[in-house]
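> Note that the protein sequences, when read in sequence, are chains A and B.
Quick note: the first sequence uses the numbering used here, first residue 20, plus one each step.
Quick note: the second sequence uses the numbering used here, first residue 80, plus one each step.
Hints are supplied without guarantee of correctness; some may be wrong.
Said to hold, decoys possible - Just so you have them, the derived chain B footprint on chain A, three or more residues with Cβ under 8 Å:
1) 113-121
2) 137-145
3) 253-262
4) 299-313
Claimed, not checked - Below, computed lysine to any residue pairings styled on SDA-like, alpha-carbon distance capped at 20 Å:
5) B:377 - A:252
6) B:377 - A:147
7) B:377 - A:149
What the hints assert, rightly or not - Distance ranges between label pairs, derived from CB positions:
8) A:212 - B:84: 48 to 54 Å
9) A:204 - B:229: 49 to 55 Å
10) B:327 - A:166: 46 to 52 Å
11) B:261 - A:297: 37 to 43 Å
12) B:161 - A:177: 56 to 62 Å
13) A:212 - B:86: 51 to 57 Å
14) B:326 - A:115: 38 to 44 Å
15) B:251 - A:250: 43 to 49 Å
16) A:158 - B:336: 31 to 37 Å
17) A:111 - B:84: 47 to 53 Å
18) A:111 - B:86: 46 to 52 Å
19) A:96 - B:368: 45 to 51 Å
These are calculated hints, taken from the structure and not from any lab test.
Owing to the predicted nature of the structure, the values given are computational and were not obtained by experimental measurement.
In this text, a Cβ means the ideal position worked out from N, Cα and C, and glycines have one as well.
Now for the letters of each chain:
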Amino acid sequence: MDHFLQNLLNALQWGSFYALIALGYTLVYGVLLLINFAHGDIFMVGAYIGFFVATFLIGSYSYHIPFGLPNEVLFVITVLVTMVLTAGVGVTLERVAYRPLRRRGAGRLYLVITALMAGLILEHGNLALLGASRRSFPELIPKVVYQWGGVVVTNVKLLVIVTTVIVFLLLEAVVRKTKLGMAMRAISYDRFAVPLMGIPVDTVIVFTFVLGSSMAALAGVLFAAAYPVLEPYMGALIGWKAFIAAVVGGIGEIRGAFVGGFLLGFVEIFVAAFFPSTLRDLIAFFVLLIFLSFKPTGIFGVARSTKI
Amino acid sequence: MRPSVGFVLYALAAIVVLTLTQWNGINAYVQIVIMFIGINIILSSSLNLINGYMGEFSCGHAGFMAVGAYIASILNVWLFASDQVFGPPLFPPSSALFLFPVTLLIGGIGAALAGLLVAVPSFRTRGDYLAIITLAVNYIVKSSIENIQAIGGARGFMGMRKVVKSMTEAIDLPWVMIWIFVSVGITVWLIRRFVNSTYGKGMVAIRDDEIAAEIMGVNTRRIKMIAFMLSSGLAGVAGGLFAHILGYINPGSFTILKSTEVMVMVYLGGMASLSGSVMSAVVFTLLLELLRPLQVLKWVVVPLMLIVLMLFRPEGIMGNRELSDVFPKLRRWFQAKEPTS
Numbered sequence: 020m021d022h023f024l025q026n027l028l029n030a031l032q033w034g035s036f037y038a039l040i041a042l043g044y045t046l047v048y049g050v051l052l053l054i055n056f057a058h059g060d061i062f063m064v065g066a067y068i069g070f071f072v073a074t075f076l077i078g079s080y081s082y083h084i085p086f087g088l089p090n091e092v093l094f095v096i097t098v099l100v101t102m103v104l105t106a107g108v109g110v111t112l113e114r115v116a117y118r119p120l121r122r123r124g125a126g127r128l129y130l131v132i133t134a135l136m137a138g139l140i141l142e143h144g145n146l147a148l149l150g151a152s153r154r155s156f157p158e159l160i161p162k163v164v165y166q167w168g169g170v171v172v173t174n175v176k177l178l179v180i181v182t183t184v185i186v187f188l189l190l191e192a193v194v195r196k197t198k199l200g201m202a203m204r205a206i207s208y209d210r211f212a213v214p215l216m217g218i219p220v221d222t223v224i225v226f227t228f229v230l231g232s233s234m235a236a237l238a239g240v241l242f243a244a245a246y247p248v249l250e251p252y253m254g255a256l257i258g259w260k261a262f263i264a265a266v267v268g269g270i271g272e273i274r275g276a277f278v279g280g281f282l283l284g285f286v287e288i289f290v291a292a293f294f295p296s297t298l299r300d301l302i303a304f305f306v307l308l309i310f311l312s313f314k315p316t317g318i319f320g321v322a323r324s325t326k327i
Numbered sequence: 080m081r082p083s084v085g086f087v088l089y090a091l092a093a094i095v096v097l098t099l100t101q102w103n104g105i106n107a108y109v110q111i112v113i114m115f116i117g118i119n120i121i122l123s124s125s126l127n128l129i130n131g132y133m134g135e136f137s138c139g140h141a142g143f144m145a146v147g148a149y150i151a152s153i154l155n156v157w158l159f160a161s162d163q164v165f166g167p168p169l170f171p172p173s174s175a176l177f178l179f180p181v182t183l184l185i186g187g188i189g190a191a192l193a194g195l196l197v198a199v200p201s202f203r204t205r206g207d208y209l210a211i212i213t214l215a216v217n218y219i220v221k222s223s224i225e226n227i228q229a230i231g232g233a234r235g236f237m238g239m240r241k242v243v244k245s246m247t248e249a250i251d252l253p254w255v256m257i258w259i260f261v262s263v264g265i266t267v268w269l270i271r272r273f274v275n276s277t278y279g280k281g282m283v284a285i286r287d288d289e290i291a292a293e294i295m296g297v298n299t300r301r302i303k304m305i306a307f308m309l310s311s312g313l314a315g316v317a318g319g320l321f322a323h324i325l326g327y328i329n330p331g332s333f334t335i336l337k338s339t340e341v342m343v344m345v346y347l348g349g350m351a352s353l354s355g356s357v358m359s360a361v362v363f364t365l366l367l368e369l370l371r372p373l374q375v376l377k378w379v380v381v382p383l384m385l386i387v388l389m390l391f392r393p394e395g396i397m398g399n400r401e402l403s404d405v406f407p408k409l410r411r412w413f414q415a416k417e418p419t420s
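Let's have the full structure, built from the sequences with the hints guiding it.
What follows is the structure, given as structure tokens:
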């Protein structure tokens, strides 16, 4: 039982990262119908920016800030600054690569290819710029281990899970309750009629990228806090998997990304718990394949009716 | 059917290159680049069948390549070479000469069967969801290979060089290159015929509107199945050849990055354009080789060039057109039959 609960907690933490990244995928997809394959790499960029912000704040790479702030405050500042900076990266990407293409009325798949290329640029640009050496994220939150019965919980783990749930609720509220969310849903419903209603499409799209990228940045910093090793390729696999999570949940649905992320986390952790861990990817992807064969549009996805 | 001028030209070019290779007219590096160009032509034109003509977004082509590569190399090493794992050869090593195309074909058939993993879900799933399935199949293939320790697992598999060596010992010719030329010729011919056949028209109908196609009496399931199997089977053949060029394969060569590379070639060449795929395979391979001195920066420069290309010419070099559409005079060269109208 303890073993089960322990794995459940691990799965919740692991699923949180997937869920946070999948939220970004699903937001952009929901509005633009674009699979932003660069999103996994934005997560990586977020983690790196977080690393530089954190090391700057604790003074490893610069003069020491005269007033010593407690580490928890530093962590919060790191998260916020990283979210802002990474949102900048996401918006730049949209501005430079996607928007001109969209203006030209290019097909959806060309945007996808552009996104793939942008991801490659981020990955290898980082590799070329900073080198292949791994970096370790400074430990801003001293690890506290709680022991409940046989279950071991760290404060970072709880932080990750709680943050993900809060972020999900916030996003859900933004999309369901605010005018901006309504505009986002309207654009996804009919991109050509919406400008006629006086909705500034570009602003809404930029805001979508801001939201998605800052989610990825948050995931990046939390990931770095939990697994403090950074490398340029860390975003690739987790990005693809988060995309899978978004699809399993039904892409374009915020609830779907949340549930799908946790589902994938559960599958992976429990496979690793009961089978050799090398089989983790294999079984996770088989589950996905079988699931999609039976429910082709994901958990919350609705098949779009096609006109003839 | 009289051979078309295109075929004769291709055969002549192949013979010239092979002769040069035989008499050391070109160095080993250039030979390898030529062989990779051939393989990339097979890969990009076969993926264009799915992505371009059928309009599905498949992003796991490297998985099928891996299946073909592993099946062909295991069979070859098992049958024709003494190996630590498989023991002494079952057939005399010189018989590899005749049986190499057979093993290559078996690799292709294996890959085509793996293509069913994508084809069957594609009956109900389409669009982005199908993209995920192709991606998942790529991962499944890769991590299955990693988990089979008998064929080296993540360490990779080698021994194909001995097979190639025994072929050249039997008759001294650059055999791998010969088979690459033959496969490229057959692939391009096959895809051309396929695209212009009833099935090809059916594929285009599926791309334009699947439901309408179904209503008009196109057997969409059958066409999807055949198209996916043909595409992945050709990728398998390419994988088998790839394995015999390098003499060593490991699951790490068949990742999403490889699939992305093939996809880039398809989009660079243009959707639904066979000649575009061939041209972009040549251009892209040469580009990658020319930029090799840049090392890591190569993978920044190449995507950047592609993004710029997308901005100025989103349809690729030849989107939806063939060379014969751009230069109508070429048409009589490449068509054996006179157009009837």
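> For which of the previously enumerated hints does the structure constitute a violation, in increasing order of number?
Of the numbered hints given earlier, the structure breaks none, since each of them holds.
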